[in-house]
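Trainee: Fit chain B to the supplied structure of chain A, relying on the hints for placement.
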Amino acid sequence: MGSNLFTSALSGMNAAQIGLSTTQHNIANVNTPGFTRQEVQISSRAGSPFGGGFIGQGVDVSGVRRIYDQFLSTQVLQEQAQASYLTTYYNALKQVDNLIADPAAGAAPAMREFFSAMSSVANNPESIPARQTVLSNAQYAVNRFQAIDQRLTNISDSLNSQISGSVDSVNSYAQQIAALNGSIKRAIATGQGQQPNDLLDQRDQLVSKLNLEVKATTLRQTDGTMSVFIGSGQTLVVDEQAMSLQMVKSAIDPSKMDIAYRNNNTSVTLQQSSLRGGNIGAYLTFRDQSLEPMRNELGRVAMGMAMGINQQNQAGLDLRGQKGAALFNVAAPRVDTGVNNQGNAVISASIADLGALTTSDYQLKVNGANNYTLVRLSDNFLTNITGALPQTVDGIKINLASGAPVAGDSFLIRPTANAARDIAVMTNDPAAIAAAAPMRGVASLANTGSATIGSGAVNLSPVTIAFSDPALPPQTYTVTDSSGAAAPLTGNYVAGNPISYNGWTTQIAGAPGANDKFTITRDLNSIATVAMLAAPASTNVGTGTISPASVNIDWTTPFSVTFDAVAQTYTVTGAVPDVSATPFAYTPGSPINLSYNGWTAQINGTPATGDVFTFEPNTGATGDNRNALLMANFQNSNILDNGTTSVQAAYSQLVGRAGAKTAELAVTSEAQNNMVTETIKAQQSMSGVNLDEEAANLLRFQRAYEAAAKALQVSNTMFDALLALGG
Amino acid sequence: MRISSNVIYDSNVTAMGQLQARMLQTQQQITSGRRILTAADDPVAAARALDISQSDGMNNQYAANRQAAKHTLSVVEANLQSVTTLLQDVKTAAVTAGNGSFTDSDRISIANELQGRLEELTGYANSTDGIGNYLFAGYQTRTQPFVDTPAGMGYFGDDGQRLAQVSASRQISTSNSGADVFMRIKSGNGTFLTQAAAANTGTGVTSAGSVTDSTLLKAGHTYNLTFSVGPDFPGGPDLTKYIVRDTTPPAVPPGTQVLPDPLLPPPVAPAVLGVPYVSGQAISFDGLQFDIQGVPTNGDTFTVVPSANESMFTTISDLIDVLKATPVGASLTNGLNRSLNHLDNALNNVLTVRSSLGVRLNEVEALDVEGENLGLQFRQSLSLLQDVDYNKAISDLTMQQTALQAAQQTFAKVAGLSLFNYI
Chain A
1 MGSNLFTSAL
11 SGMNAAQIGL
21 STTQHNIANV
31 NTPGFTRQEV
41 QISSRAGSPF
51 GGGFIGQGVD
61 VSGVRRIYDQ
71 FLSTQVLQEQ
81 AQASYLTTYY
91 NALKQVDNLI
101 ADPAAGAAPA
111 MREFFSAMSS
121 VANNPESIPA
131 RQTVLSNAQY
141 AVNRFQAIDQ
151 RLTNISDSLN
161 SQISGSVDSV
171 NSYAQQIAAL
181 NGSIKRAIAT
191 GQGQQPNDLL
201 DQRDQLVSKL
211 NLEVKATTLR
221 QTDGTMSVFI
231 GSGQTLVVDE
241 QAMSLQMVKS
251 AIDPSKMDIA
261 YRNNNTSVTL
271 QQSSLRGGNI
281 GAYLTFRDQS
291 LEPMRNELGR
301 VAMGMAMGIN
311 QQNQAGLDLR
321 GQKGAALFNV
331 AAPRVDTGVN
341 NQGNAVISAS
351 IADLGALTTS
361 DYQLKVNGAN
371 NYTLVRLSDN
381 FLTNITGALP
391 QTVDGIKINL
401 ASGAPVAGDS
411 FLIRPTANAA
421 RDIAVMTNDP
431 AAIAAAAPMR
441 GVASLANTGS
451 ATIGSGAVNL
461 SPVTIAFSDP
471 ALPPQTYTVT
481 DSSGAAAPLT
491 GNYVAGNPIS
501 YNGWTTQIAG
511 APGANDKFTI
521 TRDLNSIATV
531 AMLAAPASTN
541 VGTGTISPAS
551 VNIDWTTPFS
561 VTFDAVAQTY
571 TVTGAVPDVS
581 ATPFAYTPGS
591 PINLSYNGWT
601 AQINGTPATG
611 DVFTFEPNTG
621 ATGDNRNALL
631 MANFQNSNIL
641 DNGTTSVQAA
651 YSQLVGRAGA
661 KTAELAVTSE
671 AQNNMVTETI
681 KAQQSMSGVN
691 LDEEAANLLR
701 FQRAYEAAAK
711 ALQVSNTMFD
721 ALLALGG
Chain B
1 MRISSNVIYD
11 SNVTAMGQLQ
21 ARMLQTQQQI
31 TSGRRILTAA
41 DDPVAAARAL
51 DISQSDGMNN
61 QYAANRQAAK
71 HTLSVVEANL
81 QSVTTLLQDV
91 KTAAVTAGNG
101 SFTDSDRISI
111 ANELQGRLEE
121 LTGYANSTDG
131 IGNYLFAGYQ
141 TRTQPFVDTP
151 AGMGYFGDDG
161 QRLAQVSASR
171 QISTSNSGAD
181 VFMRIKSGNG
191 TFLTQAAAAN
201 TGTGVTSAGS
211 VTDSTLLKAG
221 HTYNLTFSVG
231 PDFPGGPDLT
241 KYIVRDTTPP
251 AVPPGTQVLP
261 DPLLPPPVAP
271 AVLGVPYVSG
281 QAISFDGLQF
291 DIQGVPTNGD
301 TFTVVPSANE
311 SMFTTISDLI
321 DVLKATPVGA
331 SLTNGLNRSL
341 NHLDNALNNV
351 LTVRSSLGVR
361 LNEVEALDVE
371 GENLGLQFRQ
381 SLSLLQDVDY
391 NKAISDLTMQ
401 QTALQAAQQT
411 FAKVAGLSLF
421 NYI
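First to last, the protein sequences are chains A and B.
Under my numbering, think of the first position of the first sequence as 1, with each following residue one higher.
Under my numbering, think of the first position of the second sequence as 1, with each following residue one higher.
It should be emphasised that the hints constitute simulated quantities derived from the structure, not laboratory data.
Keep in mind the model is a prediction, meaning the values are calculated, not measured.
Where is the CB? At the ideal position from N, CA and C, for every residue including glycine.
Treat the hints with caution; some may be incorrect.
Stated by the list, open to error - Lysine-lysine pairs mimicking BS3-like chemistry, simulated, CA-CA at most 30 Å apart:
(1) Lys-413/B <-> Lys-681/A
(2) Lys-324/B <-> Lys-186/B
(3) Lys-517/A <-> Lys-397/A
(4) Lys-94/A <-> Lys-392/B
Unchecked claim - To spell it out: a stretch of chain B is covered by chain A in this simulated footprint if at least three of its residues, at any positions, have a beta carbon under 8 Å from a beta carbon of chain A; those stretches are:
(5) 307-313
(6) 391-398
What the hints assert, rightly or not - Taking CB as the label site, the calculated pair distances span:
(7) Tyr-9/B <-> Gln-702/A: 23 to 33 Å
(8) Pro-591/A <-> Ala-168/B: 18 to 28 Å
(9) Tyr-9/B <-> Gln-17/A: 26 to 36 Å
(10) Ser-44/A <-> Gln-401/B: 55 to 65 Å
(11) Gly-484/A <-> Asp-89/B: 49 to 59 Å
(12) Ser-169/B <-> Gly-484/A: 22 to 32 Å
(13) Ser-210/B <-> Gly-484/A: 36 to 46 Å
Same shape as in the complex, but just chain B:
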């Protein structure tokens, strides 16, 4: 075949150009460390790398979110730990105050000390994250949540819980509303509250009681337990009996007019005519049970009301009031019992919140490990997709270099061959 002299030059130049272009590409890959210099080098991998970078970026963001959540949760936890210690101290003080050898002035000095603890508790409830955002105000972090009002400690926050996106599919709450921590504490045993009337003169002391059969409970009903002391027949021995009455007005069908009923509500079965009282014996009706110890006098009254929410502040200030009122005997015991019961409830509530904080912290820690593993995977995938394999690249470069050298040397030889050299 004829070869045109120009073709010898042209094809060599083209071939060397291509070799040089390839070498440049390899060299750029080596210097940048990236296999994909532009999307065209590997379109699928380039788009995939973008997607993975996106996932990786979000994974990093979740890690940052977890860090922030951990911080917030720890701050709340530290606060609630102080609250726990405080409540335990108050409880100790309440137990101490029940010491029979204590005088009124001793109790008043305890009350004064408790007043200080109450203010301290208010301080904890109004604590901030260090830059002026209240921890226990729900969404309204710039509003002081707990303010002492004439009607008692008022809550001015809301029920908002701040959520944090801690993984792609998991949001956890990083805050607890002040209402949940400090205000929504059920009084009594959680279902009902037994109380001795202030005017009682006997030594009857009531227990907190419990629910024996929840199906028999009449939600929302209040009861009155009245003692009568007197003989069954004239001249007979004095017997102590009690009658329980359901004081909740009966439900009236809508539209019916309710006539005022001047009579006492009928006694609750089985105490139609009064039940003989034995100190410490269970008193049960409508699925609930409690006991009264001591010697009640005629006309002494105890009430059973449904549990309502009582704030920690009310619990402590009630205790202070009990101590300051300098009561004696059963009144003091009843008051202290009630306070101790409510302090236990408050403590339980705080511990429940703290355990849920702990669970959330644990979950965040677990997600941290998962997130790190995921991040590692993303980085590995990204590296596989877009990083240059140095061994391969350098070996490629050497090969391309050899090819280029060969092309240059042979070209010089081929181009040097000419018949003109011999004529």
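If we strip away everything but chain A, and leave its shape as in the complex, we get:
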């Protein structure tokens, strides 16, 4: 009976002491990240029976458990991964947002300055200082484009090192988790099923850190180890073994780094979009869905401005009376050959139509001979290309420069990616700005009628040559000007005979089929001067070929119009092709539209018989500002998105889009952070240490200890009394 008292009191003291230690541990770890509070598990000892029932034997400490809720902890992990993703994405995008919309650093003011300077040239076309200002402002605009592009490149480069840092962290966490798996497994085995609480906390903390880098899912095994999966189910940790991630060059786009999964010395590139959440997910999404589209968009703005001004400058005469050349350098679309390509094909691309150009990148997949699939990567829209290259899709002309492709080969075509980087001013000669139009109309001083000539314009609209059915001889061709300015021309087809129209001459040979067409369009990539590209339509069935491939309109061939007021006709001499044999009728008083030799003009008023109007090369026209006006007004011309967007508007769209995405991320990341705070609060309300509670526990266990000690003292006194009885 006495020993019972002793053991019972001792067990109480023992339990109180363990309780005090645990409280002490909780207090000590109040600031330890990932620590979950621990609690002593005690239970009363089964009583020993005596006649009247059971007498309590004291208390047993069955273990120390951590107050832990699997559900809450998993939720914290998920929310944290998402919050880390959003915050990182937001911080990355914010850098870009600050840059492009800045009123001083953005490209919009620079472009405005350029057009404003061009307007000054239109006011004073002879002024060298005004022209110099255009060149300086062109350089300013170019610098802005390049600087923004450079900044985007820097961000992109630093992303690579950030991704690499994240990948290193992931690998390190994986190894630590694997090591802890081992320790926990052994601790459980040696502790006979008791949980090593602090090791578990440490492992949970590592998983939490891992989730900040990349979204991972976990599975607890019965032996206490934890398996970790990432991506689309790739095992990162199993038991004591850790796999690793590594960075590899993208097989599609060698300028990019992709993340590969490494297992047993083989590495497999992961589907980048499967790496969601966390820093890595944010970096990859930012790079692929924000940074590169923005660079493409910026490139398209730069390309639109450069090509538009180039084309207009080429359609004019400079201060020396020479034909204008390109003012800006325009980057050719970048084409990357797939790393794993088997064939030796070299693909090149050029811009054929600014209006149709998108900001997307494209992947060209080879299916077989003359059979390709073009994937527009922004929306994964597929275009099947059958037939020999070159072919034009979305305004990009894709050409097989050399070699032969093999089925399975792929090419990445990035039409506008380099445009902002490579835009440059091609001249430092102020005279090179072609402010004058290439031709002028002159009314003879001897004219007695009241007719006057309008200012006129170049006619560079695309032209189609269509053929009739060769089975119904004679086969004819019809040349049509898409603008309708020049009259259509029909003739009998004789293979190899020159066909002239609107000032240029070409030849078609071979046997064109019924409805075969040939087009002559402006070559947007010509640098030196205006060139028109002749090409057969892809739907042609005959063997007709057109040559030369490039024809020039040089506005050096004058033509003149002579009126006969009595017969109400006029004759045109000097036109190519010659039309002097046919008088054309006109209605006195209504405007007379003329378009010959690449020049369109209007005669208004009433001409008298014998009145002559001559259209001649505009030599010595230092004061002509017609072309400068057109260049200054280019900022209003909607050349992008099929004639709906100007370059300035395209830039403000870019700013708007970047701003909208940043704003969205600012809101969602803040909301997500609040969400994290809430989940952590919930998880902590269960597992966190409350110092007041611990203080209370401290008192409670102290009192319990004191009470148990008192009980021991009592039993000791009782024992003494017993001994005294005996003595």
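Mentor: Just chain B now, kept in the frame of chain A:
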């Protein structure tokens, strides 16, 4: 509910961080004066602000263009004002020269004076904008447009008119070609020119005439009016009659061979046999009408030719020639009449050009007002879009400050509460 002690600290730190971030944002808005610090603050407004800045920039550019256009137009206008004065002086001189009491030497001295005015006029026509660009050369502003050649004053410019973009939708011409101002002046009355033959011996003086019926006009035709003085029958009184002949060769259908016709063209109806002449009575045929005053002699001839372009220079040098030739009587009157007519035409032409300049200047002024209003609107819209509302911002800042202070004070209180303080 249990509260973890760490949560008390963490949530307070987070809350204070957010409050501070908001305060910083407001403070930055106040210091920069801009509501939109980055596009993300208000993406729609940011893109809209860019568009409006673009429109505003262009509006400013149009204002600069208008300024330049006004300057050019004023320079041209000042020049043409001098030309007007000069032409008026020449006209006065021509009227003076017709004074019957003037001697040949008086007229020659007038001619000499006019020679000086002609050179002055050439100077005006070749005037520059002050930096060497000719005002009246069309596009070829570095080419001297008016050069005296053996064949008379030649124009070496072109018909180019320089345009200025004075508003988004309006281009106006800021120049007039020299040909339009100085060269393309219709002779006679604008449709035809009556001239007395130099060999005339009578005192017939012709008027400039006018068009009575434009539908009857035969464009491009020339006529010969010949007087005959003699009796209708032998011994009868001398009658003065005239016959009008159309001397324009008839239009020949293409391909037909034309045989030379040695005969005079047939007289124009109704003057088949000659019309009796009465001084000052209207002579009309083919829709045109003029009169001849005085006494023509037998064989005196007048011609009617279609109006052609005659330059001011030719007009003045013709006048000088008339005066230097020391003519008398009808020849002088005919010559002076013709010159006066052409001087009037020249003056009219210059005044027409000047009035069109005036109209353009007025339009530019009107567009200036419109442009300023537009600019004001743009600036207001921009200000609404991107400028900070100071009242709101400062009140926000005060509120945020109060909130932060409250958070700090309560945190200190809450954090100070601990059971450990009592044991």
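Trainee: Are the hints correct? Go through all of them and say.
Mentor: Hints and how they fare:
no.	hint	result
1	Lys-413/B <-> Lys-681/A	holds (20 Å)
2	Lys-324/B <-> Lys-186/B	holds (24 Å)
3	Lys-517/A <-> Lys-397/A	holds (18 Å)
4	Lys-94/A <-> Lys-392/B	holds (26 Å)
5	307-313	holds (count 3)
6	391-398	violated (count 0)
7	Tyr-9/B <-> Gln-702/A: 23 to 33 Å	holds (26 Å)
8	Pro-591/A <-> Ala-168/B: 18 to 28 Å	holds (24 Å)
9	Tyr-9/B <-> Gln-17/A: 26 to 36 Å	holds (30 Å)
10	Ser-44/A <-> Gln-401/B: 55 to 65 Å	holds (58 Å)
11	Gly-484/A <-> Asp-89/B: 49 to 59 Å	holds (53 Å)
12	Ser-169/B <-> Gly-484/A: 22 to 32 Å	holds (23 Å)
13	Ser-210/B <-> Gly-484/A: 36 to 46 Å	holds (44 Å)
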